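Undergrad: Here are the chains, one letter per residue:
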Amino acid sequence: MMASSYNAKEEDGHHSGASSGTGVSKNKKPDNTAFKQQRLPAWQPILTAGSVLPAFFVIGLIFIPIGIGLYVTSNNIKEFEIDYTGVSSDSPCYNCAKNFTWNTTEPCVCTVNFTLAQPFESNVFMYYGLSNFYQNHRRYVKSRDDRQLNGDLSALTDPSKECEPYRKSGDVSIAPCGAIANSLFNDTLVLYYVDSNNSKTEVPLVKKGIAWWTDKHVKFRNPAGNSNLTLAFQDTAKPVNWAKPVYELDPSDPDNNGFINEDFIVWMRTAALPTFRKLYRIIQKKSGATPTLPNGNYMLNITYNYPVLSFDGRKRMILSTISWMGGKNPFLGIAYITVGSICFFLGVVLLIIHHKYDNRNTSADIPS
Amino acid sequence: MLRRRLNRWFGGEDRRVGSRTIYVGHRPCPANEVFIPPKFCDNRIVSSKYTVWNFLPKNLFEQFRRIANFYFLIIFLVQVIVDTPTSPVTSGLPLFFVITVTAIKQGYEDWLRHKADNEVNKYRVTVLEDGRRIQKESEKIKVGDVLEVEEDETFPCDLILLQSSRDDGTCFVTTASLDGESNHKTHYTVPDTERDVESLNATIECEQPQPDLYKFVGRMHIYKNNEEPSLRSLGPENLLLKGATLKNTQSICGVAVYTGMETKMALNYQGKSQKRSVVEKSINAFLLVYLCILVSKALVCTTLKYVWQSKPGQDEPWYNEKTKKEKETNLYLNMFTDFLSFMVLFNFIIPVSMYVTVEMQKFLGSFFISWDKDFFDSEIEEGALVNTSDLNEELGQVEYVFTDKTGTLTQNNMEFIECCIDGHQYKYRDASSEVDGFCVTDGPMNTVQQKAGREKEELFLRALCLCHTVQVKESTEQGHGQEDGRIDQVDGLMVDGQVVPPLQEQRGFIASSPDEIALVQGAMRYGFTFLGLESKTMKILNRTNDVEMYELLHVLNFDPVRRRMSVIVRSISGETLLFCKGADSSIFPRVKQEEVEKIRMHVERNATDGYRTLCVAYKHLTAEEYDQVDSGLREARLALQDREEKLMAVYNQVETGMNLIGATAVEDRLQEEAAETMEALQGAGIKVWVLTGDKMETAKSTCYACRLFKRNTELLELTVRTLESPGKRREDRLHDLLLEYHKKTVQDAPPAKTRVARNWSSQDYGFIVDGATLSMVLNSSSENNLHDYKDLFLQICQNCTSVLCCRMAPLQKAQIVKMVKNSKGSPITLSIGDGANDVSMILEAHVGIGIKGKEGRQAVRNSDYAIPKLKHLKKLLLAHGHLYYVRIAHLVQYFFYKNLCFILPQFLYQFFCGCSQQSFRTAHFH
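Chain order of the listed sequences is A and B. Number 251 in the working numbering belongs to position 251 of the first sequence; there are no gaps in the numbering. So the mapping is simple: the working numbering equals the position in the second sequence, first residue as 1, plus 368.
Calculated directly from the structure, the hints in this document are not laboratory data. All of these numbers come straight from a predicted model, not from anything done at the bench. A hint or two may mislead.
Only pairs whose alpha carbons sit at most 25 Å apart, straight line, appear in this in silico SDA-like list of lysine to any residue [unchecked claim]: (1) B/K473 to B/N755; (2) B/K1239 to A/F35; (3) B/K741 to A/R39; (4) A/K161 to B/G460; (5) B/K473 to B/Q729; (6) B/K692 to A/N136.
Coverage of chain B stretches by chain A, computed from C-beta distances (three or more under 8 Å per stretch; other residues unrestricted) [unchecked claim]: (7) 753-762; (8) 940-954.
Even for Gly, the Cβ is constructed at its ideal location relative to N, Cα and C.
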């Protein structure tokens, strides 16, 4: 019962403390406030036929139009997709795919012809797509050094351990290090329009403006202190699988070279799923009424550098327009329509049940 | 914890072997040539758990014994050691936070305990050593030291009272901090030690420390100048307990017998009971399920990972090669670390945050109870008290309410209603209008208009005035010149010639039971005023305003087994009289039978009216008889072993062949809104059981008054009375009755599905059982049908709307609660009571509620919630409890739902990232 003496003291202490604190008012009567007496206003829905049925109908009536709208918009987006992996022997890139070796100096070029049945209006986005490529594998995802990519000089020569086994080449550290950078997509795609008299016109592809603004201007920076990129990267080695070092990614444009090369940045933002597409180029809208890509025949010239067959992967080229809701995505519209229809249908069923089996007196309303 | 509690109950059985010998003032005694100073523990009190040195390891150890904390620690360690998808910080930080907050809280509490301990241990006490007074710190007191304690000081250890500043060798103490009884208790000095404490040469032989506050057996050998040592018996009345406070006495001297952790107070030390709510248990069940989900998810993912990797080109494509280290590690080790990684990835299915949130919700939620203004009682200026916040939601799930009767259902505010002398009924109406104070009621007994003789009346009233342990409260103005004051008062009375009512009001009485006060006050109304007890002389002011003096020879104390008490007094004329009062059942067999019948009717009628009845009897003792009794008592009191039993034997021997004089009826009023509360609880489907130590008739009438039993309730009685039938053993009769009632209530009852319609269709049953029968039911262990009895009994009880258990010992109350608690479906039980006798059942039940009543604070201190009045139970259970239950249920279920939702996408994502434990959220979400 020592606890009792302790308690007694504690109580005493509390008491004296409280009385000195509150001054004269010795009244310990609890305050009559809405909070302390739990009288704060609260509302809880009571689900009755009168509230549930209209809710179902309203949801149905709102969702179905939204869904239809989304679906129509999505259907208006034009999208064209072509697989150029070269798996089957009759595909143009079969030879390139089959004869791939890492150590070639002569690039293998193949050409794929295709026809657009409809013209593509406004800006057209050109993507490359990869399948069965696990950019989301944990070992892959963490294999990068963000400090190095941000231009940190110490990380440039001493990359993070996470980059293993793509950290050092011999004794020289790799820049950019890691598995992601090492596996940069390096096919080159060139698009030609073949008009009726079989003359080829190269479609102008814009390679800037494809990366996120924050990536381009905040996360990725070339090593500071030296405007000459070749010198800045002089103590580093190129990634093992690269043909040329990082400072030669786009020698024509210093604002798109090195770590801030937009193709590189796009690749470094890893995809969430093993089948993904990444923005490659933008085809700007032409002035006047001519469509960006008129219907007709096209020719896609591919410099085939990127092997995917070893892991049973696929490569695709995608052309797509966009709308206010983004790229082509029929699923959202279908989902809205489905949910709306189910709600509406349930509403009808419940209404029938309610009418048929409601044998309560109207006066005795049991709120349960 | 349970064992300690049991030890406390069975303190009697748990007798320690041997006894200890104490040398008063450390003076060697002639009888013992070899003086070996015995080793006892010192008087330091340690209630704190930690010291500065062991706080960190010990506290951490204690905290990680909690399964949840341990789990998170393991997860954290795995994250640190194994290469895992989420950083250790995400689980380490919240764990660190929780651990730190808890440690700070516990550290602060322990610091308070240290402070309290220090205050007690460093307290200055006066020790008499070789005739000198020495100031010492309390912790330095050794067994055998003679201490001096002043008024209003608390005793620093358990003392044997040697000397008191009061003339009559008594002192008064309050034990409010020990057992919650705030009345003054009288303790006596050991005879013959009064004068010469300084030179006292004595040893005390007493039992080893034991926790029972009310038991002490010892004896004192006093050595005087090589005479034969004289022997004095020591009992609890000589023992001053540590923690009690000296009152109304200037100073006392006493010798320390038990110190430090061996004092009765320390032995009774009991940490707050750790009750866990059913919701917490179901959380743990949920957790187990979730742990299974977690493990199976991790297993599935690990398996899938290796299946996936077995396809060529998948495990290590050219763009994603393994490091050297990874290639070199063993496949099975890899599998295992993968498994652990998945565990870590999915571990947020059991989040740390839930524990914190639930704790916070409970802690903050419990404030609403103490804030509720409806629980505020203006009389005691207090609202409800919440001792634990763990059980809030249990309040809403209560299925069984066990309530005490006295002080809980009733007010414990006794009022003398009527008495019956020699078969004639007297009802008090108005003292001032009739000098005699007697008048006849129109009650049924009035056909016999004859009054009892005046002698009988006076004898009865004298008996009321003498047979009690009431003290007269010394009011402050009488404080020092009490003698004068009293004489003045008596003079004044004489002048007035009549008892003046205001004076009666003034006179305060102190007693351990309010019944006694009611009786003394009742006698006062009829003209016999008890003036007080002074040095073994009781003074009574009789109707003719003469002061009668009686020498108090012996008090045969009340105890719950005998259910009666007696006094032996010697009047001025030299007559030796024994007055006895007690429950009818214990008095009737001990008086001459011809007188019983007349009074029995009264008693029974009073009992059914809901009054508490006592019977009064007396006996003339001849000189030889008295001598025999006197020596018997003295001998028994000196016994070191089995003193109780021996005393009881003497008591039983004396209290026979008495003459019954009359009976009294005292009313105990119902609490405010008791009936409404009970009805509301029953309406909510809660079963109310009344567990009382009171007698059946009284309890039954209270039940009727509370509407627990209604007019159409069929009562099933299983009491000693119904068991007595001619020609049959009680066991057989019990068997028959149990089967019969079982058939009635269980087998013939309509099936459960019609229970909705119960309100008007089926019969309500009320079940009455008493303590003796209950112990027969519970303890028929030797028989093979024990199981049946207990089961039958329980089934009967559960099919009755209300159950009344009367004549219950505190332990039996707890037994009943335990039985129901452990029955099928493990219903939630709630006990409510106000007195020390309810503590056992309050501790036993899932939720214990104390009423801030008149019988001290012990129930309140041991309870989980304390409310000022019974009527507050209704709102506590039906409003607060319901709300808390709904809230916590929503909170917990939502948490688990949320976790499942949170982790399921993560699980599904593993199918898309090659089961590589990639998390698809950034770490901030976790």
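Undergrad: If a hint holds in the structure, say so; if it doesn't, say that too.
TA: Quick rundown of the hints versus the structure:
1. B/K473 to B/N755: Judged against 25 Å, a Cα distance of about 16 Å means the pair holds.
2. B/K1239 to A/F35: holds, 23 Å
3. B/K741 to A/R39: holds, 12 Å
4. A/K161 to B/G460: holds, 23 Å
5. B/K473 to B/Q729: Holds: B/K473 and B/Q729 sit about 17 Å apart, inside 25 Å.
6. B/K692 to A/N136: OK: B/K692 and A/N136 at ~21 Å, within 25 Å.
7. 753-762: violated (count 0)
8. 940-954: violated (count 0)
In terms of the numbered hints stated before, the structure departs from hints 7 and 8, listed from lowest to highest.
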